[in-house]
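S.K.: Here is how the chains run, residue by residue.
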Amino acid sequence: MAEANLKVFRGEKDSGTFENYKVPIEEGMVVLDAIHYIQQNMDPTIAVRWNCKAAKCGSCSAEVNGKPQLLCKSRMDKFEPGEEITVQPIKTFPHVKDLVADVSWNYEVNKKIVPFTPQPGHNWVVYQEDIERVQEFRKCIECFLCQNVCHVLRDHNRKDGFYGPRFMVRLAGLEMHPVDSANRLKMVKEDAGVGFCNITKCCTEVCPEDIHITDNAIIPLKERVVDEFYDPIAKFFKSVFKAK
Amino acid sequence: MTNYETHEHDVLVIGAGGAGLRAAIEASAQGMNVGLVCKSLLGKAHTVMAEGGVAAALGNVDPEDNWEVHFQDTMNGGKMMNNWRMAQLHAQEAPDRVRELQEWGAVFDRTNKGQILQRAFGGHKYKRLCHVGDRTGLEMIRTLQDQGIHRGFAVYMECSITKLIKDGDKVSGAFGYYREDGRYVLFKAKAIVLATGGVGKAFTVTSNSWEYTADGQGLAYDAGADLIDMEFVQFHPTGMVWPPGVRGILVTEGVRGEGGILRNKDGYRFMRDYLPESTKDQFSANDAESERWVNAAIAGVKTKDKRPPELSTRDNVARAIYTEVKEGRGSPHGGVFLDISYQDAARVRKKLPSMYHQFKDLADVDITAGPMEVGPTMHYIMGGIRVDADSQMSRVPGLFAAGECSGGMHGANRLGGNSLSDLIVFGRLAGLGAAEYVKKLGAAPAVPQDQVDAALAEMEEPFQRGGSGSAKNPYDVQKKLNQIMSTYVGIFRNKEDLEIGIQKLQELKEDIKNVGTKGSKTYNPGWHMCRDLKNMMIASEAIALSALSREESRGAHSRTDFEQLNPELGKFNTAVSKDADGMKLEKTPCPVMPEDLKRLFAKKETTHNG
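As they're listed, the protein sequences go chains A and B. When we follow my numbering, the leftmost residue of the first sequence carries the number 1, and every step to the right adds one. When we follow my numbering, the leftmost residue of the second sequence carries the number 245, and every step to the right adds one.
To be clear, the hints were calculated from the coordinates, so they are not data collected in a lab. Glycine is no exception: its CB is placed at the ideal position from the N, C-alpha and C atoms. Be a bit skeptical, because a hint or two may be false.
Some chain B residues well away from chain A (every beta-carbon gap over 12 angstroms; in silico) [to be verified]:
(1) Arg423
(2) Tyr518
(3) Arg536
(4) Ile735
Taking lysine to any residue and the SDA-like style, the derived pairs with C-alpha atoms no more than 25 angstroms apart in a straight line are [stated by the list, open to error]:
(5) A:Lys73 to B:Asp608
(6) B:Lys594 to A:His95
(7) B:Lys369 to B:Asp583
(8) A:Lys111 to B:Gln274
Listed below are several chain B residues computed to face chain A (Cβ distance under 8 angstroms; list not exhaustive) [unchecked claim]:
(9) Leu285
(10) Trp348
(11) Pro769
This is chain B alone, in the form it adopts within the complex (with noise of 0.2 angstroms):
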């Protein structure tokens, strides 16, 4: 038999992103034996790619902005479908979190007067971003790096776990390899807490890395946790459309936040034909008003001119560009132009260097002298693992989820910048959960040898099949898998496209039965692959059964055939869960908000999904 390493730890962070380094803190900090469990080397996950902020009420540009307005934006961009009670937690703590950053040596951009500076985002009713330039998501990950190495925890670089044992109906364990040498790893844990981003490498076009392959859905599915809100998947409006090795990468709203203007081919500024009715007072009434708006932002001063309209929801900006170019009205490679070069050139360097640079670089464009390409690109799921808002514990005892692995809090849309703070808020709530869990719990529970045998013989499989004969590569069958999702489960749905789809993931999943790869376990990035499949055929499996049961149009869910929002499916959840006969979905009732909190919301929901 393989041999295989093994520690012990109270708790077990799985995924060393915002979320999951938070969680680690918070959990060492409340006394527990913490291991890190990183897929990549510490400090590259994917929060590194986040650029525009992170959203905190605190006021210190808009002084009228508060938690209780905070909570209204977030719950209304998420066309109420939001777990109340998490967005409330949110609301009211990211402020503290972001405070706690600076005070971990966070150097986020500062007013006039000394204080971290916010910018204007989508959906957001007041300047609420805290940022540094468009490189907020490096600043944050990189502060909680630093603080993290001095806490004391484990940290396992370059780790994939690949099942979750149980002890009866707890968790009690990680199984998982190292990819530097292939050698396996057991980890025994009271608790662990899945932090492990998305599922966007399941899509052609997105705008996230290698890493996000759905693996925390997927081990928390097989756990028996259940999944909600799959069908709630987010296609950011602007990403790169040119050149096509940089397909899909992420242009921060921030530049549109700072003032980026939309035009299709005929330098027509469409979004103010898009803005839902129930929405438009909230926006500018003319270019002129839009002008007068960034030119305050820019300044710094107080103005009663209302926002441009390119600060809609992500939702539907990325409806009104892809309607544009399937109308004929796109840029030469497919897109929409956006513009900043009307800017003076030395403002946007400093405000929007990643930016700068990356169209420099990658595109030979100089967005201070001319417009970007962007067009939508697959960015975020809302849906996840189904947690307790307070503790963030799933429904397996010991197993928490924290930030984008996790559902609930963002509802049928995520307003931009409600993801970093998502992260801390909820990485620190879930270190603390699982803190609380393992004192409660005492002994700790069995890890059953034949569970990790089975795990074992599971990886060994694909080296059995070989890389050649009958057996099929990886990387096919994930371009396969890419092709489905984004052809039968794009942006707009209907009832016939999903069937097929859904029909070509049932046959799929013989291919990824018979995935094989050769040469040696070091550093073998094909037989990662194998395994990194199976999450991502449960994770789109989730999305496209979920999207087919959703028979309306809400938030980033638009069906063709159901355009618009139906106010008594607002009040169930979709959730899906393993059965023996494979995945089962059903319809769950959404929490209730107390009236307290209800009297925010005086507006009547409308129907239209805006």
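Just chain A, with the same shape it has in the complex (with noise of 0.2 angstroms):
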């Protein structure tokens, strides 16, 4: 049977090596099936954070051969025949054990954000076509891959001035919602930061779930705040009326 070679970081808080594991192959086997053979064969301490093993929970992301995803989702089969199978945490987030980030950051994050607010006495008449785009934001699994992979949080480590992209992605999807009645551009601004994304796209490249999170999500955002904000016209009106 063809063995697959898994070098799999192990340690606790950063301390740690990466060791090598001989794993025999199964058709169709994902790297997180290979993780599993290890627990339960030759290490059963090994950590590795999973749920579903259907890419619907967003638990086991992890860097595989570099690259932020969902362990349940890496085909073994992607990889050359006896080429080296690098798995490692998410680097953005602190290190618990072994495969297992500290992600509690992002339950922060989400507190922060002012929940869905419906219009008072709404009659909940709403069209398929004025919510597709809200849909697409809600398919998000909370993997924190796109977190991970965000240069503002994982080179910069500006946590105290930007919510990152699956926040984005959650306040265009409540600012977007037709029976909406809160207003959070001032939060967009400010605390959430939209301005420290420039747009490179690396979340949306990550993205499990295929969401279109900086065309989709984030450039509207900082539209809408240039035209709360920032345009001249609207500008001028205001301080008109505020001046009557």
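Assembly of the complex is requested from the two constituent chains, each provided in isolation within its own frame, with the hints serving as guidance.
M.R.: This is the structure we're talking about:
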């Protein structure tokens, strides 16, 4: 039977080393299967976060040969026979153990976002064409791969100034909901820091749900912020009416 | 002595899927100080995998629908074994709960009149499942999560509970550990809601995730609650069968709801042959009529044509597929073919996006171009912790249960879509019931130190046994458990197999006593498995004993040695509870439906399992 060469990061809180494992390959196997094989047959203490194994829950995010992806979707047959497959935890968040990172920062950010606020007394007649875009955003499985790959968070560690692509998607989903009545644009501009994004689209590239994060969420939010805060004509009218 | 941290709450909810989140939201709304424990990260619970929809008689697509019809369908689907009061509350309250989700931000697919769109599903007379493509569970859990985080309750992520603490007969706390670093935690609580889901990890082929290790069933059983209807285990007819790594992963019933056709290796559409006599008149007479029904459903227009036979209840379809495969008419990888590729490709991708990706990414199959291979997979347990229908309290004062870990609502077979509505209806009722119990309780019950010490000592044992020598590898033991359950307590059962299975389970208990682990407590899955095995063993034994005791075929429980349904046996639930000598089994009378509801079931109960 063919064997795969896995090189898996083992250790706690960043201190650790890569260890090599030889795992028999089954047809259709994914990298998460290989990690489970190690867990069940070689070392039951190897830590990996996973739930559904069907790309629906977004738990098993990691970096395979340097590429951020879901382990449950990383097919082993994409690699050359005998190729070394390096598996390590996502880098942007604090390391816990082996392939597990502490992603709790994302949950703290989510709490800051003003929740869905329906217009009072709305009759809830809402047409499909008016929610298509919002439904695209709601496909998000919170794997945080976009957060992991975003250079504002990854390279510059500006978690103090930028909520990251995941929460731009959430904010866009709320702002574009036809029944929502809250205005989050001040938050988008200031606390969430949409201006930090310089549209490199790395987030869109890694999204396992194929959400067009940059084009459909971030850029429209940037445009709305510009309209709200920087449009000279609107500013003029606002100042005139304010003066009255 | 090892340390542990302590938290105090009025109501502690264990489990953060749809039922747990809804319970926490409700208990908070009642002014309770609430803690919510999730075994995974918030928003990753098994609810996220629900696909097809949430059943509620809104009547947006079929205006004839109402709660009484939904109630009838649910009872008929459950072969009248359901707790009638739960089925009634469920059918009555589901529409309000769905509308509430919408008001909390859930974005359901719409009809062309701008209302929530509903689709057909097996066993539902009318188009009743509110849905978002095939990712309804994700929509539901995210909506509840994003509401919940603003409701002021504490969330304990990646935390497992290992023991319920009691003061006399009353529940008073829970002990557990954080998965992340293995530190111990004690929750003092006046009331506890269990919402821990199912037991799938006791079986080899299952649609369930790692979390489904029967935690709530095991904790409640140990605390003195009884488990009912445990023989009723639902095998979903359509799981993936290939490649091996994804065997068992769910293929939504929505595929058949949208017109998917089941065929065997000869291209024969077999499902009509397996329709029970008693329900044949509800289905199309031929393929032409099925096609007209599908076309009308796609166009969103009403039709007098009847639905395709693929939309029979899950128990029938699962048995049909199993039989086709067993008799040599299966597909290359041991399933049958499910085909939706005859429909417009763009529409299939729109209505079934995650199925499209699941097959494309994991199996290299384009479902818009050819058929899928599918076969039965262990999916759901109808049985569970016995609760009072209105308050969701078990027989242990202060201990409540909701969702899959509770029993009674679904009887002998659950209809698709009724689980998501179950979560929000009974999650809310459990939160409400727990709050009302706490308000009447007064002072907090005591948390006896000896119980806490014993719980802590139990968790230390696997390390004392270590990871080598005579200690058993927990994963090996789980594999054995899976083999026993899948071999002897599967879709078709008989006395001989069940007795062998029960004997083997008894032997395996010794192995479970000797599982060991090594390494640190930091995120140590082997250690976690050591404890999870005990709960899985309780559920497995309960399933096997209950299955042996029910000498008839009813709903999801199929006995090859008792192929008929026996109306006399339908009057009793099977109940197991903990006794000094082990597991005790009783037959307890089913709650009797009042006359005003009985009139809805004019048709005589059939003796055929249909």
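S.K.: Decide, hint by hint, whether the structure agrees.
M.R.: Consistency of the hints with the structure:
1. Arg423: Nearest chain A Cβ is 9 angstroms from Arg423 (chain B), so the label is violated.
2. Tyr518: Non-interface label on Tyr518 (chain B) holds, nearest chain A Cβ at 28 angstroms vs cutoff 12 angstroms.
3. Arg536: Non-interface label stands for Arg536 (chain B): nearest chain A Cβ at 24 angstroms, farther than 12 angstroms.
4. Ile735: 22 angstroms, holds
5. A:Lys73 to B:Asp608: Measuring from Cα to Cα gives roughly 12 angstroms; hence the hint holds.
6. B:Lys594 to A:His95: Roughly 38 angstroms between the alpha carbons, so the hint for Lys594 (chain B) and His95 (chain A) is violated.
7. B:Lys369 to B:Asp583: With Cα atoms ~23 angstroms apart, Lys369 (chain B) and Asp583 (chain B) stay inside 25 angstroms; holds.
8. A:Lys111 to B:Gln274: 21 angstroms, holds
9. Leu285: Holds, because the Cβ-Cβ distance from Leu285 (chain B) to chain A comes to roughly 7 angstroms (cut-off 8 angstroms).
10. Trp348: 6 angstroms, holds
11. Pro769: 6 angstroms, holds
The earlier numbered hints that this structure contradicts are 1 and 6.
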